[in-house]
Structures are given as structure tokens and as C-alpha cells.
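Respectively, the protein sequence lines represent chains B and X. Residue numbering for the first sequence follows the working numbering, starting at 2 and increasing by one per position. Residue numbering for the second sequence follows the working numbering, starting at 23 and increasing by one per position.
Keep in mind that a hint or two might mislead.
Partial selection, computed: residues in chain X whose CB lies under 10 Å from chain B [stated by the list, open to error]:
#1 Ala31
#2 Met36
#3 Lys39
#4 His195
#5 Met238
#6 Leu241
#7 Leu277
#8 Pro281
#9 Ile400
Examples of chain X residues lying across from chain B (beta carbon under 8 Å, computed) [said to hold, decoys possible]:
#10 Ala35
#11 Val42
#12 Asp47
#13 Thr50
#14 Ser86
#15 Gln113
#16 Thr237
#17 Glu239
#18 Leu242
#19 Thr243
#20 Thr244
#21 Pro245
Every beta carbon over 12 Å from chain X, so not counted as near; a handful from chain B, in silico [to be verified]:
#22 Ser91
#23 Ala106
#24 Ile298
It is worth saying that the hints were derived from the structure and are not from the lab. Even glycine gets a Cβ: it sits at the ideal position worked out from N, Cα and C.
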Amino acid sequence: MNQAAVIIDVQGLVKRFGPHTVVDGVSLTVRQGEVFGFLGPNGAGKTTTIRMLCGLLTPDGGSGTCLGFDVIRGSRQIKPQVGYMAQRFSLYEDLTVEENLNFIAAMYGVPQRRQAVAETAERLELEPYRQHLARNLSGGWKQRLALASCLIHRPKLLLLDEPTAGVDPKARREFWDRVHQLTAEGITALISTHYMDEAERCHRLAYIAAGRLLAEGTVEEVVERQGLTTWAVTGGDLHELTRRLQGLPGVEQVVAFGNSLHVSGRDAAALGRSIEPFRVAPHQWRQVATSLEEVFISLMSGEGGAS
Amino acid sequence: MRSSWFSPARLWAMVVKEFVQMRRDRLTFGMMIGIPLLQLIIFGYAINSDPKHLPTAVLVTEQSPFARRILAAMQTSDYFRVTTVARSEAQIERLLAEGRVQFVVSVPAEFSRRLVRGQRPQVLLEADATDPAAVGNAVFALGTLVNQALERDLAGPLVRLRAGPGPVEVIVHRRYNPEGLTQYNIVPGLMGVVLTMTMVVITSLAVTRERERGTMENLLTTPVRPLEVMLGKLLPYILVGYVQMALIVLAARYLFRVPEVGSLVLLFAVSLLFIAANLMVGITFSTVAQNQLQAVQMSFLFFLPSILLSGFMFPFRGMPDWAQTIGSALPLTHYLRLVRGILLKGNGLAQCWPELWPIALFMLVMMTVALKRYRQTID
Ligand SMILES: Nc1ncnc2c1ncn2[C@@H]1O[C@H](COP(=O)(O)OP(=O)(O)OP(=O)(O)O)[C@@H](O)[C@H]1O
Ligand SMILES: [Mg+2]
Numbered sequence: 002m003n004q005a006a007v008i009i010d011v012q013g014l015v016k017r018f019g020p021h022t023v024v025d026g027v028s029l030t031v032r033q034g035e036v037f038g039f040l041g042p043n044g045a046g047k048t049t050t051i052r053m054l055c056g057l058l059t060p061d062g063g064s065g066t067c068l069g070f071d072v073i074r075g076s077r078q079i080k081p082q083v084g085y086m087a088q089r090f091s092l093y094e095d096l097t098v099e100e101n102l103n104f105i106a107a108m109y110g111v112p113q114r115r116q117a118v119a120e121t122a123e124r125l126e127l128e129p130y131r132q133h134l135a136r137n138l139s140g141g142w143k144q145r146l147a148l149a150s151c152l153i154h155r156p157k158l159l160l161l162d163e164p165t166a167g168v169d170p171k172a173r174r175e176f177w178d179r180v181h182q183l184t185a186e187g188i189t190a191l192i193s194t195h196y197m198d199e200a201e202r203c204h205r206l207a208y209i210a211a212g213r214l215l216a217e218g219t220v221e222e223v224v225e226r227q228g229l230t231t232w233a234v235t236g237g238d239l240h241e242l243t244r245r246l247q248g249l250p251g252v253e254q255v256v257a258f259g260n261s262l263h264v265s266g267r268d269a270a271a272l273g274r275s276i277e278p279f280r281v282a283p284h285q286w287r288q289v290a291t292s293l294e295e296v297f298i299s300l301m302s303g304e305g306g307a308s
Numbered sequence: 023m024r025s026s027w028f029s030p031a032r033l034w035a036m037v038v039k040e041f042v043q044m045r046r047d048r049l050t051f052g053m054m055i056g057i058p059l060l061q062l063i064i065f066g067y068a069i070n071s072d073p074k075h076l077p078t079a080v081l082v083t084e085q086s087p088f089a090r091r092i093l094a095a096m097q098t099s100d101y102f103r104v105t106t107v108a109r110s111e112a113q114i115e116r117l118l119a120e121g122r123v124q125f126v127v128s129v130p131a132e133f134s135r136r137l138v139r140g141q142r143p144q145v146l147l148e149a150d151a152t153d154p155a156a157v158g159n160a161v162f163a164l165g166t167l168v169n170q171a172l173e174r175d176l177a178g179p180l181v182r183l184r185a186g187p188g189p190v191e192v193i194v195h196r197r198y199n200p201e202g203l204t205q206y207n208i209v210p211g212l213m214g215v216v217l218t219m220t221m222v223v224i225t226s227l228a229v230t231r232e233r234e235r236g237t238m239e240n241l242l243t244t245p246v247r248p249l250e251v252m253l254g255k256l257l258p259y260i261l262v263g264y265v266q267m268a269l270i271v272l273a274a275r276y277l278f279r280v281p282e283v284g285s286l287v288l289l290f291a292v293s294l295l296f297i298a299a300n301l302m303v304g305i306t307f308s309t310v311a312q313n314q315l316q317a318v319q320m321s322f323l324f325f326l327p328s329i330l331l332s333g334f335m336f337p338f339r340g341m342p343d344w345a346q347t348i349g350s351a352l353p354l355t356h357y358l359r360l361v362r363g364i365l366l367k368g369n370g371l372a373q374c375w376p377e378l379w380p381i382a383l384f385m386l387v388m389m390t391v392a393l394k395r396y397r398q399t400i401d
């Protein structure tokens, strides 16, 4: 559907740690200029997959290309064009913001280093903190510094592993605005996250659990493929209603959203029959669009089956 | 933005980064200066000071004014403290073996008669030289002591005996340790010990710390090459090693008054190889250790045989063959000989060669292991 160049194109990536297969046949296609969301529960294998893409881990199986180079043998060619942000802050805590940026710029052999450092610091509004030790920065500013260090060598691909964990909502929004700005300039970004609102800001996303890819596509595609029907209920004793709905045929999820209750399931007919007896006052029923969150919970609880 | 095989700019950035981190890490920085000072004090003063009042047994087989005079003189001297007047050879043998006395002084039978006849009778000093430092000065002291003590008695017709080499000949038997190391050996040797200890620990920590703190993950995603990382970790610490050496050379000169016969320039030049060898050991350890604690433990595992089997603690020739074999593989063994050779004997580069190539070989082996083991990935 998209004519842009393919930046990441891997098939059947496998990674084992001892007896555990942590990534089990993951295939991804990411095109230039995309913001690609990477989702999945804790321990799903997101970090491991990202590390394989940037050459930090050697895959035990699978093949493919990243920026046109072989993911297994071409990591020396891939590295200079990738900006990787680890899940854990991995710059030097005992260096200042400026020293860190300078060091990373030198590692990438950035020309006119001083200028590049100054520009990057300015772009991310890090200037007031230039002389601060990274150790003393707050979480949000550390994240900004980490992002700055990913951008300083003008990479073509950003691999960001949970970049907004522990960052306040305003800073998160700014971060995503910045990412979209960058992709508009032609950079590609693969970002792992646990936040639904962030997932919804991705052009496309992939969902993995226990090392397997369970869903991939645009938000709409992912939602649609899961085929969930969702009803919202308001009014009346919703606690009591929850208790009574649970376990009925066709009712797969009953989740409270503030003052309303979302009831969903894939078998629309069975769901309809099960809720029929409760469609009386004071409850008010309304069919709504299924959200990504319901899709992921459905996937996570294993009822999603194969994608 | 090419990623060449070796980039001096990247290496330089690594070196600068290490220096900045070193400066900010007060504890490690303190350790670099503190360890040499501490060891100098411990080995130089506490252990190796010129000991006095050492327990001494006396075996006198004749009762004579001369023998009594010698005994009295020894009791008033600084070096000897007469604890036992022994009666038999067997008894002194036991006292020495059990380490209860440091010295046994024997005045043989017929001492007086031979003295009066001008036959230069012998006084035998047997020393427990397992602690050679403890023996050195006392041995020198005894000769003067005995002869001075007797001088007063040698009056009248005996005055003629005062001339010449002295009326009595003092024979010294260094027991257990024929090499008889003196304290001059210790302070130059300390240079090697301090360097071994700090260089290995510091570098193994410097690399392991990167892994433990997660910064290695970031470093490995950059195009930096293993050799650049490795040299970047080596160069700053070579400088630290030189600072430590300078400290010890100054202490040797001004505090311990160790003679400096050879060339300091040569000493610093050959030390480069030794420092590099130890740094490579540290880096090799860091490629194996999972965390900083393990790195320290492994460094200790290397340090112990180095200090015990190199000839620093015990005379090398006094060790059993297997220990000598292990010792010969360790760089410290050769470095000790180099330092002592240069400082005390004034050796030149030619005489250093037999000790230089084993260190070089050791370093090359370590470097190969380190480069082989250095992982460009984190699995
Ligand atoms: N070096 C390793 N050795 C052994 N097991 C590992 C290693 N790294 C990761 N694992 C295991 O692999 C699994 C996947 O880990 P991974 O970090 O990729 O998950 P994740 O999706 O990033 O999770 P999270 O959302 O919590 O960050 C986990 O069970 C983890 O314990
Ligand atoms: Mg993770």
C-alpha cells in the first residue's frame, strides 16, 4: 500500500537463551518514514528483537535486511546509520550532558562535532543542562538526553526501546510530536511501548507475546482483524452487572472505564444473546468502536489465537 | 561518518572520557595514590624497618673474662637481646628451628687461649635468615661490637693484637636463606607489586563497570572498534602507572635512601612493557567477569601468586621447582629483576633483555586472549 523504501525487512527471527526461545519466528517490515509501534506484555521479547536489529545480539535463526544490509553479517554497516535508545539509561552518569553528547558524536565520527553537539542540544532544549552531570537529571531529561545522543549522528533509523517509560504526559506528547517531525523528514522509527495512546499514534504496529508475532498492521487493521464487538453500558449498579456478565457465552471481556463498562467478544450473536436480559433500565447500552486496548487484552489472554 | 578499522579520533575520545571519569571517581582516584603510599609504609617501614633488639641465644663453651665481655657488650647493644644462654648445640638448633631466636652467637672452646696467641679465633653468628631484612644490619654490627668489646681487655702485652684485621674473626652463617636479601631489595620490588595490584584491578573494573552500568550496550551500538575501546582503556592507566612509579622512586630516594646506580630513563622505559602487560591482564579479566566484584576477585587471584612466587616475598632460588616454573611465567618475577638490576646493579638495556622478552611474550598472549574474548555483542 506504500511505495516508500523498505528499511527493516526481517523474516523468522529467532533468539534463544539456553533452553528458552525468547523470540520465536518474528517477521517485520518497516518502511521509510513510518513510526512503527512495537507492543507486547513484559518479557514478550521486544527488547531482544530490537537488540537483534541493531547488532547487539546475534540471531539464532532467521534472515533479512536492515537499511539494505544483512542483519546478521552487516552490523558494521548498519550501526553508523542507526540511533538506538536502550530501555535502561545507558549513557555515562558521571559525565555531563555535553560530555556525553560529545563522546557519542566522536564515536560516530560526526563532522564538526562542536557544532553538531550545540545544534542537537538546542533542538532538544537541553542547553540549560549542558554542564549538568547526567546522574543529576530527572527521568524526563535523561530521556531527552538519550534521544539527543541517538540523533546526533543523523541516523536513518531510530530504534527506541520504551523511550517514554516514567515520563510525564506533557513530555510524552512532546516526545511523540518530535518523533513525527523526524519521520516527516524521512527518518524511520521503531518504538516499543506499553502505552495505548502511544500505540494509536503509530502508523503501523506489531504486537508480540511470548516471542511470537500475534498481530501486525495499522491500528484499524489490527482492531478489525481481531473482530471484536464492543458494547458500552452506563447507569445502574455496574459492579453487580460485571459480576453477572462474567462467564456468560460470548462475553470475553468486561472492563470498567470510569462510569461506563465495556463488554466485548468476538462472537457478536452470542454476545447479543447474553446481554439481552440486562438491556433494561437503569442500564443504557450502546454499541461502540472497539479500542486498541480491548484488542490487546484479547490478544494477551490468548483468545486471539493466530493472527 | 565512515567506520574505519581504526580511528585515532575515536581512540582519543575514549581516552578523554576515561580521564574525565577517573577525575570524578574520587574513590578510585584515591586508591591509585593511596595504595602505593600504604604499601610503601607497610613494606618499607613496618615490615622492613631496621629491626632492633632481636632475640639471641649465646652458646659459650668456656668461662673466661673475654667471653663474659663479649656477652656483656651484646646485651648493651641495640641489635641483640640475649634471651637464652644455651648449653648445647642441640639446644640452639631447636631454638633456631622454632624461630624463638633470630641469632645464635657461639664462642668456641679455647677461645681465650687462641686469642691471646693472636690466632684470630672465630666467633660464629648463626642467623635465621628466613626474614632476611631482619638479619642484615645485625650481622654487620656484630663484628665491630666484638672487636670493640675486647679492645679494652687487650692491654699490656696484648696491645699488639689491636692492630690488623681485629683480634677476632666473625663467621656468619645465614641459615635457611643463603641469598640473604636486604631491605634494598624490597623498596624497588614494591614498584612491581604496586603496579601489579593497581593496574590489574583498575582496568578490569573500568571495563566491567561499563557492562554493569549498561553503558556498554550503548557503546557497542556505536561503530567503535574493539581495539579502540581497549587502547582507550589502556592509555590513561599507563599514565597512572607512571605516577605511581614516580612516587615510589621518590620514596626510595628520599625516605629509604636506596642507592640508584642505574638509569631512571631506562627504568621508566622498560616499565612501559610491564604496565601494559598488567593492563592487558585486567582487560582480559573484564571480558570474563560478570560484575565488578568478580573482577576484583579475579584480580586478587592473579595478585597472590604474583606477590608470593615472584621472588618478592621469598627468595626465588629458595622455592621448589614447580613454584619457580609458575613464577617464571609471571611478569612480576621478571620485572623485579629488571628493577633491582637497573637500580641496584646499574644494568643497561643489554642486560635487561633476558627479562624483557618474557614480559613481552606474556603481554602478547594476554592481548590475543583479550581481543578474542572481547564481544561485540551482549549475548
Ligand atoms: N541475556 C539474557 N539471558 C537470558 N534471558 C534473557 C536475556 N535477555 C532477556 N532474557 C529473557 O528473554 C525474555 C524476553 O525479554 P525482553 O527483555 O526481550 O522482553 P521485553 O518484551 O522487552 O519486556 P519488557 O516489556 O519488560 O521490557 C524475558 O523472559 C527475559 O527474561
Ligand atoms: Mg524490554
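Exercise. Does the CB of Leu241 (chain X) sit less than 10 Å away from some CB of chain B?
Worked result: For Leu241 (chain X), the interface hint holds, since the closest Cβ of chain B sits about 7 Å away, which is under 10 Å.
Exercise. Does the interface hint hold: is Leu277 (chain X) within less than 10 Å of chain B, judged Cβ to Cβ?
Worked result: violated (35 Å)
Exercise. Going by Cβ atoms only, is Ala35 (chain X) closer than 8 Å to chain B?
Worked result: Result: holds, 3 Å to nearest chain B Cβ.
Problem set entry | chain B contact restraint on Thr50 (chain X) - CB to CB distance below 8 Å | violated (11 Å)
For this session: With chain B as the partner, please determine if Thr243 (chain X) meets the hint condition of a C-beta pair closer than 8 Å.
Result: holds (4 Å)
Exercise. Taking the closest Cβ pair, is Thr237 (chain X) under 8 Å from chain B?
Worked result: holds (5 Å)
Exercise. For the hint on Ile400 (chain X), does the least C-beta distance to chain B fall short of 10 Å?
Worked result: Check passed: Cβ of Ile400 (chain X) comes within 5 Å of chain B, closer than 10 Å.
For this session: Could you let me know if the closest chain X CB is still more than 12 Å away from the CB of Ser91 (chain B)?
Result: violated (4 Å)
For this session: Tell me if Pro245 (chain X) is really an interface residue toward chain B, meaning its C-beta lies closer than 8 Å to one of theirs.
Result: Result: holds, 5 Å to nearest chain B Cβ.
For this session: Identify whether the interface hint at Lys39 (chain X) stands, where standing means a beta carbon of chain B within less than 10 Å of its own.
Result: With Cβ-Cβ at 5 Å, under 10 Å, it holds.
Exercise. Measuring from the C-beta of Glu239 (chain X) to each C-beta in chain B, is the shortest one below 8 Å?
Worked result: holds (5 Å)
For this session: Report holds or violated for the interface hint on His195 (chain X), using the least CB-CB distance to chain B and a cut-off of 10 Å.
Result: Violated. Min distance 59 Å.
In this structure, the earlier hints numbered 4, 7, 8, 13, 14, 15, 22, 23 are contradicted, and the remaining ones agree with it.
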